[in-house]
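Taking the hints as your guide, dock the two standalone chains into a single complex.
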Amino acid sequence: MSASPTPYGRLLVAEEQLLLSRLNLNAHSAARVCGVSVRQLTYWSDRGLIPTAGARRYGIATLNKVLLIKQALGQGYTLQRAVRLVEERLALAEAARTAGEPLSEGDLRVLVEARLADSLAGVRRCRQTLLAESATVGGRASTSPHGEGLTPHQAPLSAPPRPPDAKALALQLNRAIDDLADALEQLAETDQALARITE
Amino acid sequence: MDDWLDPDVARLVGEVLDDLTKYNIVRFVYEHRGFRGDAQLLAHSIGLQPSRRFLRALEELAAAGIMLVSLNGEASPTFARALVCEQQAAVDKLLALPADSPQFASLMRRLTAQSLRRVTQQLLPDV
Chain G
1 MSASPTPYGR LLVAEEQLLL SRLNLNAHSA ARVCGVSVRQ LTYWSDRGLI
51 PTAGARRYGI ATLNKVLLIK QALGQGYTLQ RAVRLVEERL ALAEAARTAG
101 EPLSEGDLRV LVEARLADSL AGVRRCRQTL LAESATVGGR ASTSPHGEGL
151 TPHQAPLSAP PRPPDAKALA LQLNRAIDDL ADALEQLAET DQALARITE
Chain P
1 MDDWLDPDVA RLVGEVLDDL TKYNIVRFVY EHRGFRGDAQ LLAHSIGLQP
51 SRRFLRALEE LAAAGIMLVS LNGEASPTFA RALVCEQQAA VDKLLALPAD
101 SPQFASLMRR LTAQSLRRVT QQLLPDV
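Here the protein sequences line up with chains G and P, keeping their order.
According to my numbering, the first sequence is numbered sequentially starting from 1.
According to my numbering, the second sequence is numbered sequentially starting from 1.
Pulled out of the complex, with its shape left as it was, chain P reads as follows (with noise of 0.2 Å):
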């Protein structure tokens, strides 16, 4: 079967990495482990646009604890990569994915559809 995931990345990708933007995120902060900043910045250094949906996208990771946010008094938050969290080894498995595997294509595939389908519920609440 062509599509088949690791259980541990398939329960990644369903549960906490839901989107292009988050697994962007992540590739870019575990590329980057000494990385530091606000929303603004990591967004630039990622390539994105630093949106009202990468800045979600940022919490919901931060709150998944695969992110740091820190306040220290700044006038906006700084994220940074949690040094420890309970899906690291699912993280890691993730992002070993050669791009040109069956496994990586049916990922991209999977956090396409998941991220169109967040769009179209921020905008089509109803839908």
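Extracted from the complex, chain G is given alone in its bound form (with noise of 0.2 Å):
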């Protein structure tokens, strides 16, 4: 005789999936789950890439978001990156579930046109950045002698233009052509995903 579940077997399992939904941990509970430090919560919390459950807490859906983009740092993606790739699959996920059975091919290629068109945004967005700042290398004297913006009659009488910082300058173009590498690399993957459909 096969031993079936008990009521309260049966209820355990509800009780836990209701536990789930409701869970609502702090931020210093919610890093020690997930395996981060708190200030790196806060962060992604504080610019909009992961949800909170009103101030500063955080549901099953946001650990299950945090544990999946820190896989993907610790997969040596930027954060910016990471976000993108497991909001991406989140979305994929939840689109599966909600359909009951796998995209169609149809569905498929709509969303992997979306993200071709998205990274080639993320690369013209790039390139206009690197643009700007390398014309701010070496460009300042020729592009402005009055400062930004200003005619020869709005030049401030005070206040000379402050010499480029060496050290700010290549910063921002070393962060302008990794965004760009970062943008690049994801429109040849979403190149490629789009040609499996497409075979």
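Mixed in with the good hints, there may be bad ones.
[Claimed, not checked] Computed footprint of chain G on chain P, listed as stretches where at least three residues anywhere in the stretch have a Cβ under 8 Å from a Cβ of chain G:
no., stretch
1, 21-30
2, 36-48
3, 51-64
4, 91-99
5, 103-115
None of these hints come from the bench; they were simulated from the model.
Built from N, CA and C at the ideal position, the CB exists for glycine as well.
Set out below in structure tokens:
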């Protein structure tokens, strides 16, 4: 005779799901559960990268997202890229869950094409940033001898333009290149995904 | 000629310190001579992301003798500035370039171009 689940067993399972859905941890507990620092967690929520349930309270969906972001960071992705990847993965999982079956080829194509458009926009943004930063280096004197956006008549009488800070300029250029590399990498991955669907 | 670079600096930038990440790493460890830490700490201290590209740049600097790497049984290797390296004089000249000089602008243009080339080569090795 096989053992059937007791009413208590079923009750416990139901309670577990209910408890999880009502989970609402403070930053310290959430950080401990996810294995990240409190500072990291609050930084992510302050930047809107992870949702909060009220003032610095974290539910089960957020904890799941934090764990996935942490995993992606461990694989060497930048924070911006890790968040994007996780959000895409969660969106796909949610779409599959609500549909009750795997995504159709058409839906998948729409999602991937949207991601491709997003990646291209990212590359364009990075390119513009890079061009702007490059123009800053060594180009200040020729582009704006009177201060940014000022005509000769509006030029300030005091406070001559500050010389550029070598460290800051090199860092800005470096970050723009990193962003561009991330965007290109994402573009290449999306392109491959699209090719797989098309095959 | 406004984009003239000192031959030692030009050689350093052409052969060893050939992208912006390496430049920023070297600038940081020369300004913080006692620094010692893993790639993640170094990247965050500089203000960059500890990406795979960053780690690769760090390893190449270690291979060139500009950075020292030690394992010491720790989870991830730690890096520090090499106290003695053959490019010392060139590095000093490089870091002494004033930011508003034509030479610095030329240096940044070269490093940006080389960084972009590296990124492209890594992503599109056939191009």
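Just pull the numbers of the violated hints for me, sorted ascending.
As far as the earlier hints go, not one is violated by this structure.
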